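Protein chains in written order, with the working numbering: chain A, 3 to 280; chain B, 29 to 611; chain C, -19 to 293.
Because the hints were derived from the structure by calculation, they are not lab data. One or more hints might be untrue.
Derived pair list, reagent style DSS-like, types lysine-lysine, alpha-carbon separation capped at 30 Å [claimed, not checked]:
#, chain 1, residue 1, chain 2, residue 2
1, A, K23, C, K(-13)
2, A, K23, C, K289
3, C, K289, C, K(-13)
4, A, K193, B, K597
Note that the structure is predicted; figures quoted are calculated from it, not measured.
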Amino acid sequence: MTPQPLLRVQDLVVRFPGRRKTVTTVIDGVSFDLAAGETLSLVGESGSGKTTIGRAILGLAPVSAGTVTFRGATISNIDRTRRRKLARDVQVVFQDPYSSLNPAMTVGDILVEPLTAAGVTGGRERVRELLDAVGLPADAATRYPREFSGGQRQRVAIARALALDPAVIICDEPTSALDVTTQARVLALFKEIQRTTGVAYLFISHDLGVVNDISDRIAVLHRGTIVELGEAHQVAAAPRHDYTRRLQMAAPVADPRKQRERRELRLALLAPHTSTKE
Amino acid sequence: MTVDPAASPSTRRRVFRRLLRSPQGALCLAWLALIVLVAATSPWLAPSGPTVADLDAANAPPLTPGHLLGGDSAGRDILSRLMWGSRQTVLACVIVLAVSIAVGVASGLVAGFYRGRFEGAAGFVSDVVMSLPGIVLLIALYALTGPNIPAAMAVFGLLIAPTYYRLVRNVVLGVRNELYVDAARVAGLSDLRIVGRHVLWAVRAPVIIQSSFVLAAGIGIEAGVSFLGLGDPAGASWGIVLQNSFNGIYNNRWAVVWPALVISVTILALVLLGNALSDVLQSSARSRTLSPRRRRAAQEAAQPGDAAGESIPVGSSDDVVLSVRGLRIAYPAAGGEVREVVHGVDLDVRRGEIHGLVGESGSGKSQIAFATLGILPREALIFGGSVLLDGDDLLADPAKMRAARGRRIAYVPQEPMSNLDPSFTIGKQLMYGLRAVTRLDSRQARGRVVELLTRVGISDPERVMRLYPHEISGGMAQRVLICGAVAADPDVIVADEPTTALDVTVQAEVLELLRELSRERGLAMILVTHNLGVVADLCDVVSVMKDGDIVERAEVDDLFRSPREAYTKELLSSSRSVELMEI
Amino acid sequence: MALSVVKNLARSLAVLLVVTFATFTLMFGNGPGIAQAVLGLNARPEDVQREVVALGLDQPLLVQYWHWLSGAVTGNLGESFYTGQSVTEALSSRVPVTLALVVITLVLTVVLSVLLGVTAAVKGGWVDRLLQFVSVLGTAVPAFIVAIVLVFTFAVAWRMFPATGYVTPELSISGWVKSVTLPVVALLVGAVASAAAQFRTAVLDTLGRDYVRTLRARGISERHVIFRHVLRNSAGPGLTVLSLTTLGLLGGAVFIEQVFALPGMGQLANQSAQVNDVPMVMGTVLVTIVIVLVVNFLGDLTTILLNPKARTR
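Can you build the whole structure from these sequences, using the hints too?
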């Protein structure tokens, strides 16, 4: 008997009105489950809709059809009061560490904000705990975001997401704007936090290699639909869908000899598709 | 959209003090404080009443005893009238500010936050109000208000409210789109809290700055309306004094000077205060370009740097097409300091070789790329070094640099969409570029462009040439830029992260294209990137940069198989930890 | 593109109607007050009431407005409450004076501010700082004070130009030029100060774009980069500046006409307003708003033509 999934997305459709009464369907029928404590990644290129799914779950994008449920209760298109209560269960880390923190607030204020909104007391103590959990010194609480590097700001964003001890964190390309060495460290932090708190991640990324490192399962998104969903290792190393294979082979690896082999293989596989650039 | 931390409450006092510290800010505040003081105390301080006339003093020149600034044509003391007039001025200011802020800021907040029909209606009203010159409307409404300056000022406040509306609405829209507002929503903040905490903070500084300018306009209009004769003739506003003096200018020319001066100086003080506030509250990214004198001084003061890493002797083999020796680049930093970002770098690129320049952000790799092309920003300072293209030092001779740029050494930028001129078609841009560096006529240029567009993988070049940049995709735009770079058949291409902004499948195709072009035409390439996979795929030689120095240089197989420096090893392990090795 | 043009026209028409209706209502609303002003303070209430009817001020405002509007379309803007003179006739001699003043100043403003703004943005250094300094002064001092300073210096202290009076071009070209020189200069100072600063900002903004750097890297000469690419892309914001300048000039002209006693629209409006001769004032309001809307429409049209994104919609 499979336990009830933490987060369930069923036949999600998201449409946005365009110019002059046209409508763009960004997400066209997407379904997946997220179990407690697991990491499910959504991988896709630009225009695949991966960020929109995250935003729709968070209530930042409209749900045109389908449902999103959390612990059995519907959370798609609910009123604002119920949405605010959800803050204790579902949180977010965004891609851009420079604009996801209000530059006019100190780090301490930023971390205390969700606590105050939820009516939780003992803010200052919790802030110290959070800074510790993400590897930042305690005096960071009195400083402003502009005094920190991109990687450190992203740690603050992670600490903010952890403030209310949520069950799920939507990670929207959290390392895409970071240098490769910083990225490695922040990914390690994500894994560490999951180990200690048992939080579940919906990890959104364009990088198949990154998600392979961090996920339990991977869903591959192409033009608004999931083309492949399975165990991380299988999807990354032995993909079944053509598009996943193309994604996987397109990303170059840091080994010249291996990269030459991959290139030849990729070109051989692509030969039948004569490249007509859009 | 930057909200300066200086706008938060704990630093409000600091802002005020900073304002006072600049002589401009201090003088303005002092004058304005004086005006307010005079307005409050003129019943006691003024030498005489505003309408007291002394016929002996008619048209008295300045420094007549009892009339410091002289007397007007009716014998009234000009100084007293001006002092009494300040009361009307201050009152007018208060009214204009109160009305315009109340109407403009409130409507701007609502329109920006809730949008919808209110925004549409408010926008239309705002356009309507701003479509008539204020004075024309004030004249028209004289029929309604009569010689009632406070009423006219209230009307003017309404007329100028749209400036606040537009300002606030735009700020709110900007803030709404910021990720930190999304994060606040997800964190469970109520709309009220979001507006109070995040939106109002962002709005405060622009509103304060705008208020200074609105007050300046208010004084100008108040004086103007009185000057035209639409004010209360029995009163003593600055405008009326000016009007009286002007009407008698041939009899007493100096009487005009004082009211004109008082009005102008007060308006000027407010405008300068607005500028000073703007500098203090919004640390704008003002270009810190040094003056030529300071540039020379900085260059002389620059110590000869120690080139970290191996330095290559000059005069190497014949097949080196581009050489960089001892390149040092610096930028002006905060507080008048100068910070070096590239510390004496040496680089050799052989003909047909693809040389990777790898580093993380801040390593200085892009700076080197810009320096070889001579397109560093205006603020940049080159402290030393040379860039030798086939033996010609391009840095030493700007004319040679100009001749070589685009012709022998070409540029492929990182972000495709923002690097195409939005006002011209693809075809026109490519042809302008080509004809700028070659002697082709327009037919020949066109032919070569079409041929090249096909070569870079664009299937319908004639059609694409007629399109504008906003009508093509990112991948296609990058191909167009590559086409533009190779069109004049250069010897070297400097590519600054050419695939970073592209999707991974498109990236693979563009890398393939670059490799093919290099092989076909014997093109040397400097490929700036932070991605070791790209390096492994494309490059022959690699230089690793960290904090402005090249820390390691090797042939690509050697670097990846047996890296020597700790930093290189760290880069490699970080990269490989997120890669899919097995196919 | 045709759709944008039509939408623009429709919007302009809507603005015209709203503005004229609003001002009409506010001005003609106080019927008894106007009649009283026409007859004088000592008029008897019965005479006032009779005058109200005689002037048609007792009818509902909407009717009065409709009357006026339908007349305006055919060129009949009513008669003065005082002299009975046709408003259109009075305006026809006044409008050319104001228009000449505004148009000359506008043309000179465009030329000077583009030159100054572009030079300051491109050259930087002391030219730029000088422009910023002068610009602050020029925008701060109101036009009528500049005018008074000019009169003081050039007409009173050194009697080079006439302080007041207007000579029509038909009478004497050189006389006309002399009589408009000081007025134009007075308006020019403020207009150029403001417009040049705004052009400078627009050009600086464009200069900072990535594509300008890429154009240079292509080997295109700096001259071509500035005059073909940068100016073209700065034209959009530049046209907005033009609309704002026109607005400012129309307002400034009112004061300038007062200082130099020029028989223009502004002076007519001012004098009429002070005696509550509302049909005259209404006439000048109409002409003013039409001028503004025409300038804005032309500006928007040019922007649409210059902006490829708007064209290909």
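Right, here's what the structure says about each hint:
1. Of the pairs offered as hints, the one joining K23/A and K(-13)/C holds, with about 17 Å between alpha carbons and a cut-off of 30 Å not exceeded.
2. Among the hinted pairs, K23/A with K289/C is consistent with the structure: their alpha-carbon atoms are about 18 Å apart, no more than 30 Å.
3. For the proposed pair K289/C and K(-13)/C, the alpha carbon gap of about 17 Å is at most 30 Å, so the pair holds.
4. For the hint pairing K193/A with K597/B, the CA-to-CA distance comes to about 22 Å; that is within 30 Å, so the pair holds.
Hint violations for this structure: none, all hints satisfied.
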